[in-house]
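Chain A is fixed; fit chain B onto it per the hints.
2 protein chains.
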Amino acid sequence: MRNILLKIAYSGVNYHGWQIQDNAGTVQARIQSAAYDIFGYCPDIKACSRTDTGVHANEFALNFKTDSNISIEKIPDAFNHFLPNDIRVFSAETVNIDFHARYDCLGKEYKYIFLNSKYDDPFRVGLVTKYPYPIDVEKLNLASKHFIGTHDFSSFCASGSSVENHIRTIFNSKVERNENDVIFIISGNGFLYNMVRIMAGTLLAVNENKIQADEIPDIILSKNRNKAGITAPPHGLYLNKVFYNEEEIV
Amino acid sequence: MRNILLKIAYSGVNYHGWQIQDNAGTVQARIQSAAYDIFGYCPDIKACSRTDTGVHANEFALNFKTDSNISIEKIPDAFNHFLPNDIRVFSAETVNIDFHARYDCLGKEYKYIFLNSKYDDPFRVGLVTKYPYPIDVEKLNLASKHFIGTHDFSSFCASGSSVENHIRTIFNSKVERNENDVIFIISGNGFLYNMVRIMAGTLLAVNENKIQADEIPDIILSKNRNKAGITAPPHGLYLNKVFYNEEEIV
Numbered sequence: 005m006r007n008i009l010l011k012i013a014y015s016g017v018n019y020h021g022w023q024i025q026d027n028a029g030t031v032q033a034r035i036q037s038a039a040y041d042i043f044g045y046c047p048d049i050k051a052c053s054r055t056d057t058g059v060h061a062n063e064f065a066l067n068f069k070t071d072s073n074i075s076i077e078k079i080p081d082a083f084n085h086f087l088p089n090d091i092r093v094f095s096a097e098t099v100n101i102d103f104h105a106r107y108d109c110l111g112k113e114y115k116y117i118f119l120n121s122k123y124d125d126p127f128r129v130g131l132v133t134k135y136p137y138p139i140d141v142e143k144l145n146l147a148s149k150h151f152i153g154t155h156d157f158s159s160f161c162a163s164g165s166s167v168e169n170h171i172r173t174i175f176n177s178k179v180e181r182n183e184n185d186v187i188f189i190i191s192g193n194g195f196l197y198n199m200v201r202i203m204a205g206t207l208l209a210v211n212e213n214k215i216q217a218d219e220i221p222d223i224i225l226s227k228n229r230n231k232a233g234i235t236a237p238p239h240g241l242y243l244n245k246v247f248y249n250e251e252e253i254v
Numbered sequence: 005m006r007n008i009l010l011k012i013a014y015s016g017v018n019y020h021g022w023q024i025q026d027n028a029g030t031v032q033a034r035i036q037s038a039a040y041d042i043f044g045y046c047p048d049i050k051a052c053s054r055t056d057t058g059v060h061a062n063e064f065a066l067n068f069k070t071d072s073n074i075s076i077e078k079i080p081d082a083f084n085h086f087l088p089n090d091i092r093v094f095s096a097e098t099v100n101i102d103f104h105a106r107y108d109c110l111g112k113e114y115k116y117i118f119l120n121s122k123y124d125d126p127f128r129v130g131l132v133t134k135y136p137y138p139i140d141v142e143k144l145n146l147a148s149k150h151f152i153g154t155h156d157f158s159s160f161c162a163s164g165s166s167v168e169n170h171i172r173t174i175f176n177s178k179v180e181r182n183e184n185d186v187i188f189i190i191s192g193n194g195f196l197y198n199m200v201r202i203m204a205g206t207l208l209a210v211n212e213n214k215i216q217a218d219e220i221p222d223i224i225l226s227k228n229r230n231k232a233g234i235t236a237p238p239h240g241l242y243l244n245k246v247f248y249n250e251e252e253i254v
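Protein sequence lines correspond, in order, to chains A and B. Heads up: the first sequence runs through residues 5 to 254, numbered per our numbering. Heads up: the second sequence runs through residues 5 to 254, numbered per our numbering.
Isolated chain A, as found in the complex (with noise of 0.2 Å):
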């Protein structure tokens, strides 16, 4: 019984997500059918998280056990073979066999893509989030720096979240323009629901001056999510980075 580590990206535009549900296409659908074309039976997959409809991943993780011998190099043609275009497997690993991709994950990256552009781009449609104002990047990346540390990110959680303790801390935050796209990278332990965007949306807020970029510790502090910005559009946002000790792999 081998335990495999698979990373992957896909485009979140034609899947409602990557949880599997009834009735709707999704990552983790596809994913399992691959599985049981390949292995001839469907394994239990274990994902590093989960991403709403519409949310992209340039680096998603999950692992399966199989009893299957075909080589750890030929996995990810295997899967790419039946795989539709828009989800691509790009590396395969054999990792200890208790290891777990939710369980075993010691932080993550995600990034949040606004366009500052008057048009859209017709070659990503539902890949950025429009945004045709002019953005003030280094205001912004300021007033991100104050979501780094430990703290209870309540106000950063949408309502409806079953998870009790809303503690996280954040390694690192900012934000960058590359030519009309202006991006939010941030890093952390965990993320709780819809963190990210509710902070894009709050971002959008200190560039409008509707929020003041030294407010946000206090609006930390108020654990009150009706004092964060509006919860940004799916669309600009990427699962980036997944992070591992490497020593689990074998």
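Everything labelled a hint here was simulated from the structure, so no lab data went into it. Careful, some of the hints might be misleading.
Chain A stretches covered by chain B per the calculated footprint, using a threshold of three residues with CB under 8 Å from any CB of chain B [as the list claims (entries may be wrong)]:
(1) 5-18
(2) 82-90
(3) 119-126
Ideal Cβ positions, reconstructed from N, Cα and C, are used throughout, including at glycine.
Leaving out everything else, chain B in the frame of chain A:
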């Protein structure tokens, strides 16, 4: 009566090319439908050229005449309001009343993008042509220089074309790398049917040593389509720029 020049960009992924046809969605059909919504009638639209099914445009030009007094500044937003997101109007200018987007076109630039990677890019399905083997970019760049000049390009014209004069002037031609993208960029006063795609296929044959770079002048002289390489797939091709005399703009 005003003559309006529109510059548009579109992804060809969801369209059967530019030109209107029965029973298939085309970019022209969408533009005409939007024009009808704006002006209340369908103006006669003259386009700089056609593009095939699956081919894209970063810049495509068309013109039409109208009695409407809608201000020129508002025309892009008016079209974009009625167009799907994968077709965008990014400029509108008033031009001389006799201006014709095709007959007054001084030249065009095309781009062909090879994704030089083992894996497809899930965010650019239908927007690049994957080529997973090593590419000698400098060799292909030098090979592409043989296209420059005034030649009879019959060897690089798909059979079935009704155009009789196959002499065209290529202004510039180059191949460059941008991370995993290997991009063939070529400009000239006009292009025959499938000409850029056959040139791109010929460059791949040079990469694979099926054709030597210094054989390209003889291939041109042969006027024999069978001497050149394959027709590369449409997905990698972009009409990139369309050149007009600035004095046409009123």
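Outcome of the hint check:
Counting residues of the region 5-18 of chain A whose C-beta sits closer than 8 Å to any C-beta of chain B gives 3, which meets the bar of three, so the coverage hint holds. Counting residues of the region 82-90 of chain A whose C-beta sits closer than 8 Å to any C-beta of chain B gives 3, which meets the bar of three, so the coverage hint holds. Here the region 119-126 of chain A counts 4 residues with a CB under 8 Å from a CB of chain B, which clears the bar of 3, and the coverage holds.
The structure is consistent with each of the numbered hints, conforming to all of them.
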